[in-house]
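Trainee: For this one, chain A is given, so just place chain B on it according to the hints.
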Amino acid sequence: MSATAVHSLWTRAGEVTTAAPGDKFTAPTIEYAQLAPVLIVVGVAVLGILVEAFVPRRARYTTQVFLTVVALAAAFAAVVGLAAGGYAGEKAQIAAMGAVAVDGPTLFLQGTILLVSMVSVFTFAERRLDPAAHGNRVDSFAAQAGAVPGSDSEKAAVKAGFTTTEVFPLVLFSVAGMLVFPAANDLLTLFIALEVFSLPLYLLCAVARRKRLMSQEAAVKYFLLGAFSSAFLLFGIALLYGYAGTVSYAGIANVVDGTVQEIDPALASTMGNDALLLIGAAMILMGLLFKVGAVPFHMWTPDVYQGAPTPVTGFMAAATKVAAFGALLRLLYVVLPGLTWDLRPVMWGVAIVTMLGGAIVAITQTDIKRLLAYSSIAHAGFILAGVIAASPEGVSSVLFYLGVYSFVTVGAFAVVTLVRDAGGEATHLSKWAGLGRRSPLTAAVFAVFLLSFAGIPLTSGFSGKFAVFKAAADGGAGGLVVVGVISSAIAAFFYLRVIVLMFFSEPKADGPTVAVPSPLTMTTIAVGVAVTLVLGLAPQYFLDLASQAGVFVR
Amino acid sequence: MENLIALLVAAPLLGAAVLLCGGRRLDRAGHWIGTLFAAASFVVGVVLFVDMLGRGADDRTLHQKLFSWIPVEGFQADVAFQLDQLSMTFVLLITGVGTLIHIYSIGYMEHDERRRRFFGYLNLFLAAMLILVIADNYLLLYVGWEGVGLASYLLIGFWQHKPSAATAAKKAFLVNRVGDMGLSIAIMLMFTTFGTFAFGPAFEATGDTSEGKLTAIGLMLLLAACGKSAQVPLQSWLGDAMEGPTPVSALIHAATMVTAGVYLIVRSGAIFNAAPDAQLVVVIVGAVTLLFGAIVGCAKDDIKKALAGSTMSQIGYMILAAGLGPIGYVFAIMHLVTHGFFKAGLFLGAGSVMHGMNDEVDMRKYGGLRKFMPVTFVTFGLGYLAIIGFPGLSGFFSKDMIIEAAFAKGGTEGWILGCVTLLGAAITAFYMTRVMLLTFFGEKRWQPDAEGHEPHPHESPKSMTIPMIVLAFGSVFAGGFFSIGDRFMHWLEPVTGHDHGHAPVSATTVTAATMVVLVIGVAIAWTMYGRKPVPVVAPRGSLLTRAARRDLLQDDFNHVVLVRGGEHLTRSLVYVDHTLVDGVVNGTAASMGGLSGRLRKLQNGYARSYAVSMFGGAAVLIAATLLMRAV
Chain A
1 MSATAVHSLW
11 TRAGEVTTAA
21 PGDKFTAPTI
31 EYAQLAPVLI
41 VVGVAVLGIL
51 VEAFVPRRAR
61 YTTQVFLTVV
71 ALAAAFAAVV
81 GLAAGGYAGE
91 KAQIAAMGAV
101 AVDGPTLFLQ
111 GTILLVSMVS
121 VFTFAERRLD
131 PAAHGNRVDS
141 FAAQAGAVPG
151 SDSEKAAVKA
161 GFTTTEVFPL
171 VLFSVAGMLV
181 FPAANDLLTL
191 FIALEVFSLP
201 LYLLCAVARR
211 KRLMSQEAAV
221 KYFLLGAFSS
231 AFLLFGIALL
241 YGYAGTVSYA
251 GIANVVDGTV
261 QEIDPALAST
271 MGNDALLLIG
281 AAMILMGLLF
291 KVGAVPFHMW
301 TPDVYQGAPT
311 PVTGFMAAAT
321 KVAAFGALLR
331 LLYVVLPGLT
341 WDLRPVMWGV
351 AIVTMLGGAI
361 VAITQTDIKR
371 LLAYSSIAHA
381 GFILAGVIAA
391 SPEGVSSVLF
401 YLGVYSFVTV
411 GAFAVVTLVR
421 DAGGEATHLS
431 KWAGLGRRSP
441 LTAAVFAVFL
451 LSFAGIPLTS
461 GFSGKFAVFK
471 AAADGGAGGL
481 VVVGVISSAI
491 AAFFYLRVIV
501 LMFFSEPKAD
511 GPTVAVPSPL
521 TMTTIAVGVA
531 VTLVLGLAPQ
541 YFLDLASQAG
551 VFVR
Chain B
1 MENLIALLVA
11 APLLGAAVLL
21 CGGRRLDRAG
31 HWIGTLFAAA
41 SFVVGVVLFV
51 DMLGRGADDR
61 TLHQKLFSWI
71 PVEGFQADVA
81 FQLDQLSMTF
91 VLLITGVGTL
101 IHIYSIGYME
111 HDERRRRFFG
121 YLNLFLAAML
131 ILVIADNYLL
141 LYVGWEGVGL
151 ASYLLIGFWQ
161 HKPSAATAAK
171 KAFLVNRVGD
181 MGLSIAIMLM
191 FTTFGTFAFG
201 PAFEATGDTS
211 EGKLTAIGLM
221 LLLAACGKSA
231 QVPLQSWLGD
241 AMEGPTPVSA
251 LIHAATMVTA
261 GVYLIVRSGA
271 IFNAAPDAQL
281 VVVIVGAVTL
291 LFGAIVGCAK
301 DDIKKALAGS
311 TMSQIGYMIL
321 AAGLGPIGYV
331 FAIMHLVTHG
341 FFKAGLFLGA
351 GSVMHGMNDE
361 VDMRKYGGLR
371 KFMPVTFVTF
381 GLGYLAIIGF
391 PGLSGFFSKD
401 MIIEAAFAKG
411 GTEGWILGCV
421 TLLGAAITAF
431 YMTRVMLLTF
441 FGEKRWQPDA
451 EGHEPHPHES
461 PKSMTIPMIV
471 LAFGSVFAGG
481 FFSIGDRFMH
491 WLEPVTGHDH
501 GHAPVSATTV
511 TAATMVVLVI
521 GVAIAWTMYG
531 RKPVPVVAPR
541 GSLLTRAARR
551 DLLQDDFNHV
561 VLVRGGEHLT
571 RSLVYVDHTL
581 VDGVVNGTAA
591 SMGGLSGRLR
601 KLQNGYARSY
611 AVSMFGGAAV
621 LIAATLLMRA
631 V
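Top to bottom, those sequences are chains A and B.
Using the working numbering, the letters of the first sequence correspond one by one to residues 1 to 554.
Using the working numbering, the letters of the second sequence correspond one by one to residues 1 to 631.
The following block holds chain B by itself, in its conformation from the complex:
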C-alpha cells in the first residue's frame, strides 16, 4: 500500500509536465487533462485513507523511500515520504478541494486563452503542496515549500499583462523569501543540532537538546510559517495576491498553501513543546494577526481583499491554537480543514459574483444580488454562517474549540488569549455580515461602466456552481461530523498528542460568550449596512477605518522601515565597499604592481648579474643550512 504514496505526487506532476510541455495542441483538452490528474490524485488519497482506517490507531503511519537523494557521510537526505494521520488530513483536503477548484476553473477560465497553462500551474501547485505535506524530512519538505512558492508566484502573476498582478506576484515572492530564509536556517540548525533532518530521529533527539537551541530552531520555523501563512510581520503580500484569478485565491491563498505554516508548526510540535519561549512567540503572532486581519477585513470594499483579511485572521486563530501546544494542535488542524471548506466556498462565491458582474470587485457597486444569483447566494450564505460560527455549522465547532483551548491555557495568559479570540469572533461576525449585506442585500448599486456597458448579473454555469454546492456541504456538516464523539481528536491524537488543559471557565460559558459576541457583531453590522442605504462612494471614515483601508499601514511601515532602511544600508555598504574594500583591493593590486615593476628591474638581461644572484642565493642557502644545524 505504501507504494501508492508516490502516486499522489506523481499524478499532478505528470499533469503539469504534460500541460506545460505539451504546447498549443493541448489547448482544447488542457483543462480536462489537468482536472483528470487532480482527481486521480484524490482517488489515490481516498484509497490510502480507507486503507489507513482499516488499521489500528498506532499502526497507521506508512513510509515510502524512493531513493537516496544526497548520500554523503554524515549528511543523509532521502527522497522519502511519510503518510500519517496529519499528512492524510492534508492530502484529502488538498486533493479534494483542489479537484473541486479545478472543476470550477473550467468554467471560470473559459474565455482565457492561456487556460491550459493555468491548469498546468494548478497541477504543479498540487504536486508541490503534496510533497510538502508527505515529506518525511525537512529537506524534502523544503522542496515542496519552495515549489508551492513558485506555483503561487506564477498564479498570482498569471495575468501578467496587468502591472498590478506582476507587482503583486513579485511582492509575494520577495516577502516569502524572508520566510524561506527562516526555514533554511532552521534546517541548518537542525542538522548541526540533531545531525539529521528526518522527522522521526530529529524529534527523538529533542530530549537531549538544550532549550536555547530548540528555541532558536522554533523561532526560525515560525519565521517560515509567518511568510507562507501571511502572519504579522510578513503578512503584507496576501492582500495583493488577490490579483490572481479567483480559483487561485480560493485554493492557494485561502484553503491550502497559506495553511502550510500551521502544518509546519504542528508537525514540529516536538520541538515547540520543548521550547516554551518559542511557543509564546507563536501565540503572540497568532493573536496579533487574528486581530490585524479582522480589522483590515472590516474596512475593505474589494470583496476579495475583505476575504483575504478574513483568511489572515482565521489563520491567526490556527497559529494561535498551534502555539498553545498539545492543548491546541488538534483544533488548529480541525479549524484548518473546516476553514478550507468554507473559505474556499466563499472565494468561489466571490468569483461567481465577479463572473456575473463583469469582474467588478467593489462591493459598494453590488447590492441585492440574491435575486440574480440564487445558488451563489445560498452557498455563500452557508459559508458565511459557517465562518461566523453560527451554531451547528462547521465554524461554530472548530472556532469554539480554539476559544476554549485559549482559555484552557490557564493563568493570565489564558484570559488574555481567550478575550482576544472572543474579540476576534465579534469582529469576524461584523465584517462577514458586512460583506453579506453589501453584496446580496439592499438596493442594486451597479452602474454602467465608462464604455456604457451595464452589468447583467446572472448565475454562473454548472461547472462553477457544483463545486460551490459541494463545499457548502462541507461548510455545514464537517464541523459537526468532526466534533461528535471527538472523532477528529481521536484521529489525530496519535500524531500530535492532546492535552485538555485546565479551563478556568466551563465550555458552556465559553460557548454562551461566543454567541453573545456573535450577536453583537452581526447587530452592529446590520445597523451600519442593513438599515440604511450604502453610499456607492466610500465615506471618509474614521482614522482607524482609513488606516485599515491601507492595510493598517503595513506597506507604509515596510516602506519606511525596510525599503528606506534597506536603501540607506545599501548606500552605506556601497560606500564602504567603494572606499574601504575597493581601497584595500586596489591598494593591494597597486602595491603588487609596484613591487612587480621594481623586482622586474632585477631582471636586467646581463648574465653577470644573474650569476651574482645565483652566487648570492647559493651563499644564503649554505649559510642558512649551517645556521639551522647550529641552532
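Next comes chain A alone, as it looks inside the complex:
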C-alpha cells in the first residue's frame, strides 16, 4: 500500500483534509471516552497476562475471574454511560480518526456482547461440575493446554492442580475484538477486529479438559477454515480499495454513490470499476457470512460447536454471532446501500438455503451440541431475513433478535454442561431420555429454551422472530418470510422432539446425572430464563430501545 493510500486512509473520514505527501505527520486524535469500553477490556486483558506471569498459581483463578468480571462490568457501565450521554442518538460520531463509529447500533451491540460475555464467563469459571481431581477443583479446561492428551506430563499437571487460567484473558481479548467488529468504520479496522476476536477463539476451542482430541481437531478445523475465509475477506478489501481508493466506509460509499469525482492518480486505471466493487463486496460478504455461520459457509459450525469446551461453545455461538451480524449490518447499510439491489438476490438465496439447510439437517442429529449448532445455522438464516429488509425496522429487529438469541443460547449450552455421566457431558440425545422425570427443573428450563428457539409465543424467541419477519415482509421480502415460517415449522420438530424425549420417554437405567452447579452457572441459566420470559411477555420496552438504537452514523 502506497504512502498516499495509507494517508488517505486516515483522512477520508469525517471532514476530508487533502494533505499532500511530505506534510508533517500529525498525531491522530483519539476520543478515549468514546472508546472506553474497548480500552477497558483490552487493558484488563493485558493485565490478565501479567497476572499469569506474576501472581502465584493458587491465587490466579480468583484473581482472573474477579478481574474479568470487573472489566466486563466496567465496560458495560461505560457503554451505558455513552448511551445515556446521547452517543446512541444525536451525538453519534466517528471516533479515532475515522476508524470506529460510536452510534446506536454500536452501543446496543457492545452492550449485548458485554452482558452475554459476562454470563458466559460465569460458565467458564464453573468448578463444581466435575469431581475434584487430587483434591483440586477442576473446570472445563485442560490442566495444561500444551500437554499431549493422556501423556505423563498431562497427568503430572493434573496432579499438580494446574488449571488453564489463561482462558480469562483470552476471552477478554476476544471480547475486545468483538466490541470493535460491529463498530469498525473502515475495512482494515474490520479485518483487525476480526482477527483479534478469532485467534483467541481458536485457542479456546482447543483446551477442553475432556475429549481433548476432538477439541483440538475442532480448533484446527476452525483455524484452517477461518484463515481461509479471512483470506477471502482480505482479498475483498483489496479489491474494494482498488475500486474506491480508500478503505473508509464513508469514502467507499461516496464512490458507490458517485458523489466523489476526484480520482487518485495512482489508482486511476481501477477506480470506479464496478467489477472490482461487486467481486470485492461479494468476497467481504463471504467472510462475514462465514462468521455468522450461513450456508454454504457453515460447515465448520457443527464440528467446532461439538468439539469445543461447552462454555466456549456457548460464548462463541452467542457473542460471535452478535458481533458478526453487527458488522454485516454496518457494511450493508453504510458502505453498500447503493448496492442493495445488486446484492439482494444473492442475500435472498443465502438466507433461504441457510434457513432450510439448518432446519433440515438438524432433524437427523443425535448429539445435543450438534443439534444446537444446526439450530444456530437456521437462526442465522432468520436473522439474515431481517438484514435483507433494508429498512430501519430491519436493523432494529435484527438488534433485538441478536439480544434475544444470544442469552437463550448461552443459557442452553449452560444446561448442556450440567447433564453428565462418567465420561463428562452426556451430549448424545439418547442419554437425555426421561430427563424430565429425573430432574424436572433442569428439563423444564431446557424446555423453555427450546420453546424459545422454536419461536413459541410468550417466549422471547417469538417476539424476535415476529419482529424480524415483520420487518422482512414490510421490506418486500414476503417470500423469505414464507420460507422462514416453513423452516420454523421444520425446526419446531426437532426442538419438540427433545422435549418429548425428556418428558415422555422412560429414563434409562445408566442415564446421566444432573450436576448441581455453583451459583455462577445458576446465574447464567437464570438470566437466560429471565430474558426469555421477560422479552416474551413484555418485549415492548426492548423493542423501543432497539428501534432507537437502529440508526447508523456515516
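Bear in mind the hints are in silico, worked out from the structure with no lab data behind them.
All values derive from a computational prediction rather than experimental measurement.
A hint or two may mislead.
Derived CB-CB ranges, DEER-like [what the hints assert, rightly or not]:
hint	chain 1	residue 1	chain 2	residue 2	range
1	A	L533	B	R564	46 to 52 angstroms
2	A	D152	B	F615	39 to 45 angstroms
3	B	R564	A	Q540	36 to 42 angstroms
4	A	Q93	B	R608	44 to 50 angstroms
5	B	R608	A	G349	39 to 45 angstroms
6	A	Q548	B	R55	53 to 59 angstroms
7	B	G616	A	T523	41 to 47 angstroms
8	B	R608	A	L533	28 to 34 angstroms
9	A	L50	B	G593	52 to 58 angstroms
10	B	V584	A	G479	18 to 24 angstroms
11	B	I284	A	G479	49 to 55 angstroms
12	A	M522	B	V584	43 to 49 angstroms
Ideal Cβ placement from N, Cα and C applies to all residues, glycine included.
Mentor: Structure of chain B alone, referenced to chain A:
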C-alpha cells in the same frame, strides 16, 4: 336512576356467588338467601318500572355503561345495559315469576339435601337471564344467552344421580349449541356488515345494508331462537328437559328462558323488517312448531311432558307472531307474558300434584284429585281456562290477538296462517282438557307401587300454594288488563312499532271462530276422556298417536339423519385424515428426514471438503452478484 340497572343483575349474581361458594355452613339458610336476592332484584325492577312510567313514552329508555369490555380499534364492545319498555317487561316477568318460583321451591325442595346448590343455580339463572334482556349489544346478550344455557344444563341435570336426568341435560346442552352457533355467526356477520354489535347503531345501519346480508343475519338469529326456544327443528331437547325439578320446568322451560328466542327476534325487529324472506321462514317455523307441539301434547301421558308439548306450541304462536313483523311484535310479547303466568302456574300445579302423589307423573294413574287438592285444582283450573282461551281470561285476549294478526297478514299467507292458528287453538283446547280430565276428574286410578306404598294425595304446603294463587291471579286478569284500551300496545309500541295490517275478516268473526274451535276441542276431549273411564294402561292408539308419543319421531329422525349421518361423516373424515392428510404429513416428514439424512453426509468431517464448499459458495456468490448486474 340508570345506576340502578346493574343492581338488577348484581343481586342474583351475588346470591349465586354466596350460595355456591359458601359451602355447607349455608345449608340451613341457603333457600332464604336465594329467595331474598331474587326478591331484591324484583324490588329494583319495580322501582325502575315506576320511574319509567313517570317519564314520557319517548323518553323511557335508560342506558348504563359499566366499562369497556374489549376496546380494540374498530372492535368496541362495552358492558353496557339498556332498559327500555321491552326489557322492562322481561325484567318484571323474570324477577316476578322468578321470585314466586323461589318461594315455591322452598317447599318443593324441602327434602333435597342439595337445596342450597339448587337455589344458587336458580340465582345464577336469574342473573344470566337479566343480562340477556338488558344488554345493549349482541355480544353481551350472548354472554347472558350462554349463561342461561349453562344454568339450564345444571338445573335439568340437578338430579344427576338419575342417568335419564344426566342424559337430558347433555341433550339440552348439545342441541342448544347448534342454536348458539347460529347466534355467534349472526354476531360475526353483524360485525362485518355493520361494524358494531350495539343495538342502536346496528339497527340504524340496516337501511344501508343489502337485503341478502340482512336475510343471512336474520336466518342465523332464527337458528339461535330455534335452539333456545325449542322450535322445529331444534325442539327435541325440551321434552327431556322435564327431567329437571318441576320449579325449573316452570321458570326456565316454560315462563322465561325458552322465550328468549322470541325476545331475540322482537329485539332484532329492525333487521327482520328489512328481510322479508327471513320473516317468512320465521313464520313457517312458528306455524310448524305450533302444530307439532300441540300434537305431541295430545298423546303424552306424562303430565310434565304434555305441558312441555304445550309450551313448545305456545312459543310457536309467539314466534309466528314475531315473524309477522310490526303486526305481531306486540302480541308476541303480550302472549309471552300471559303465557309466563298461566304456564308457570300450570307447571307449579303439576309439581304440586306430583308432590302429593309420590312423584308419580303418569296422568293415567291420577284421577279425581280435585277432592284431595282443592287449591291446586282451582289454580290449575284457572290456568287451564286461561290457556285454552276461555273468554275473559288472559289467554283469550293474547291468543285471539295473534290469530287476528295472522289473518291480518293478508293474502293467501294470511289465510293459511289464520287457519293454522285456529287449528292450533282447537288442539290446545283438546289436550289441555285431556290433562284436566285425566288429573282431576273421573275415578281414582292410583295403585300401590312395587313396594306396597299407596300414595296419599294431599294438598301442598303454603309456600307452594301461595305462588300458585298469585300466578292464577295473573292468569285470570293479566290479559284483560293489558288489552283494555290497548294498554300493552301503547306501552311497547315506541320500541317495536305497530301496524294494524289489513284483516280480511272482522275481529268479531275471528273471535267467534275461535270460540267455535274451542268448544269443538273441549267437546272431543270430553267424549274421549270424560264420558268413559280411562284405562290405566295406555291403549295402542292410532299411528299418529303412537308417533306423537314418540314426539313425532323427532329422536328417530335425529338419530337416523344426524347421528348416523354424523357417524358416517366422521368415519369418512377420519379415513381422509388417516390416508390423505396423514399421508401428506408423514410423507413430508419422511421426505424431510430423507433429505436430512442425505444432506448430513455432506458434513463428512474433512476440513478439505468444507473448504471446497466454501470456495464453491464464494464462487457462486461472486458469479451471482456479477450476473445480477449484467441482467
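Trainee: Could you tell me which of the hints above the structure violates, numbers in ascending order?
Mentor: Failing hints, ascending: 3, 5 and 8.
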